[in-house]
Each structure stands twice: as C-alpha cells, then as structure tokens.
Amino acid sequence: AQRVIKRLREEGYDRTIYIHGALERLCRLYAEEGLTIQTKVPRRKRARRYRAGRPGATAANEVWAMDFVHDQFAGGRRFRILNVVDDVTRECLAAIPDTSISGQRVARELTELIRQRGRPSMIVSDNGTEFTSMAILGWAEDHKVAWHYIAPGKPTQNGFVESFNGRMRDELLNECLFFSLDHARQKLADWTTDYNTRRPHSSIGYQTPAAYAATLNATGRSAAQFGNSAARPVAQPAPQGVTTVVTLVAAG
Numbered sequence: 007a008q009r010v011i012k013r014l015r016e017e018g019y020d021r022t023i024y025i026h027g028a029l030e031r032l033c034r035l036y037a038e039e040g041l042t043i044q045t046k047v048p049r050r051k052r053a054r055r056y057r058a059g060r061p062g063a064t065a066a067n068e069v070w071a072m073d074f075v076h077d078q079f080a081g082g083r084r085f086r087i088l089n090v091v092d093d094v095t096r097e098c099l100a101a102i103p104d105t106s107i108s109g110q111r112v113a114r115e116l117t118e119l120i121r122q123r124g125r126p127s128m129i130v131s132d133n134g135t136e137f138t139s140m141a142i143l144g145w146a147e148d149h150k151v152a153w154h155y156i157a158p159g160k161p162t163q164n165g166f167v168e169s170f171n172g173r174m175r176d177e178l179l180n181e182c183l184f185f186s187l188d189h190a191r192q193k194l195a196d197w198t199t200d201y202n203t204r205r206p207h208s209s210i211g212y213q214t215p216a217a218y219a220a221t222l223n224a225t226g227r228s229a230a231q232f233g234n235s236a237a238r239p240v241a242q243p244a245p246q247g248v249t250t251v252v253t254l255v256a257a258g
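Numbering follows our numbering, with no gaps: position 66 of the sequence shown is 72.
Possibly wrong hints are sitting among the right ones.
Label pairs and their computed distance ranges (CB to CB) [as the list claims (entries may be wrong)]:
no.: 1; residue 1: G40; residue 2: R84; range: 52 to 58 Å
no.: 2; residue 1: D104; residue 2: R34; range: 53 to 59 Å
no.: 3; residue 1: D148; residue 2: H207; range: 29 to 35 Å
no.: 4; residue 1: S106; residue 2: P161; range: 20 to 26 Å
no.: 5; residue 1: D176; residue 2: S106; range: 31 to 37 Å
no.: 6; residue 1: F79; residue 2: I120; range: 26 to 32 Å
no.: 7; residue 1: E38; residue 2: S169; range: 57 to 63 Å
no.: 8; residue 1: E39; residue 2: A157; range: 41 to 47 Å
no.: 9; residue 1: G211; residue 2: S186; range: 35 to 41 Å
no.: 10; residue 1: R83; residue 2: A37; range: 52 to 58 Å
no.: 11; residue 1: D200; residue 2: S106; range: 25 to 31 Å
no.: 12; residue 1: Q192; residue 2: A152; range: 32 to 38 Å
no.: 13; residue 1: Q122; residue 2: E181; range: 25 to 31 Å
no.: 14; residue 1: Y212; residue 2: Q192; range: 44 to 50 Å
Below, in silico cross-link-like pairs of lysine to aspartate or glutamate (EDC-like), each with a Cα-Cα straight-line distance of 16 Å or less [unchecked claim]:
no.: 15; residue 1: K193; residue 2: E168
no.: 16; residue 1: K150; residue 2: D77
no.: 17; residue 1: K193; residue 2: D77
no.: 18; residue 1: K193; residue 2: E181
no.: 19; residue 1: K193; residue 2: D104
Worth flagging that the hints you see were computed from the coordinates, not collected in a lab.
Predicted model only: the values in this text are computed from it and were never measured.
Where a beta carbon is used, it is the ideal one built from N, C-alpha and C, also for glycine.
Start from the sequences and build out the full structure, keeping to the hints where you can.
Quick look at the structure:
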C-alpha cells in the first residue's frame, strides 16, 4: 500500500483528493506492483443440526419424510401444502394446506400426528427455514425424535416424499382449480384417501399403503418378508383422508 501511495504522489495525486479516473489509476498501479486485494469468501450454508448419512428405515412408523409443495388459488393467491409420508408403508400421513405454515405450525401438526400414530424414531426433511427454526429444534428435543437434514441441493436423499410430491403435482395440483382453502382441503382429502386406500404400489407388493400397514400389523411379519426393506410392524393404517389438526400445544 505504501508503494502505491508513493506512485500516486509521484504522478501528481494527493491521497486526500479524489478526482475522476483515480480509481482506475489505483487499480492499474496495484496490478503493476503485483498487489492483490483481500476478498471475503462467502461461507457455505450449513444445517443447524448434526447431519450424517441417512439410515434406511427398518420398520413402519420409524421414519417419516416431510416436504412442502406450492400451488395457487384461481384468484392468484399462493398456498403451500405440508406433506408427511411414511418411508416403509408409503402412506401419506398428512397433507396440510394453508397460505402460511411456520415452524411452530409444523410442530403443532407433528404433535397431533404423534397423538394419532405414535412417535417415529426419525424425521427427514430439507434445510428449509420452517424445519431449521428454533420451534422445530425445541420440539425434536422435547419429543426425543432425531431430525435428519438432507444435504443441500440433494433432494434425491429424500426420494420417497419427492416422488409423492410429483404424483400429487401431476394428478391433482396440475388438474384442479382451487377456489378457496376449504376447497383445497376437500380435494386433498379425496385424493389422499384414494392414494392410501385404493391405489396399489409395486414397491409394497402391489398393495395399497393402508392395506400393507394393516397386513403388517395383523400378521406380525416383517416388511422384509414381504419384499420390502422394513422389519417389524408398529404402525396403524393411515387415517381416512387428510389429517385435519386441531391446535393442542404451541411449540417453540
């Protein structure tokens, strides 16, 4: 820097006076003197909790996968849907639409879902602000549920719910006009009921998700014996339609 100041003075520039062209001359002198300007390297965004390799689910109701889907009403107002899927039975445990879903709302929905089905060992999600909020971190700690964040930019690490989102997009969201939130809830309830109770899935032996969960519970056989990676049945069949949650606990 002292060499640059000296060169500027030699060429008739005072360091306290700024005139047109001084910046270009300063840059040229820095280059001639072989100097560089330190630049701050942006830090990579990281998950706020521990992230390791995702373990495979070994039993029904052991791992839930979560993600959001976005759409809009006929009038143009946008809304979003919180989807929760069981990794083993492929059941849609909840599909909750609203114009705004915060981390506290996600925590309340999970509390109600646990009341209906029991507590999972792990929940898998991306690094969205709703899932990395203090409300969710506190909820996971209180309920003793491990929360696994997939690597940024790697949606395939949450493939089950991504596949479910694609089906919902192609078969419902792209085909229907929603005129209100109540209308969206009704359409989602009908589609989710069909998905859980009437549609066979090749990955679970061409059974419906609800029938597959019921079979695991009734026979006591492991999912691996049916050709799936899960181990022992602990889940109840999915509720008919979309889970409509009443606020019980304000988490966070």
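(request) List in ascending order the numbers of the hints, as given earlier, that are violated by the structure. (result) Going through the list in order, the structure violates hints 5, 14, 15, 16 and respects the others.
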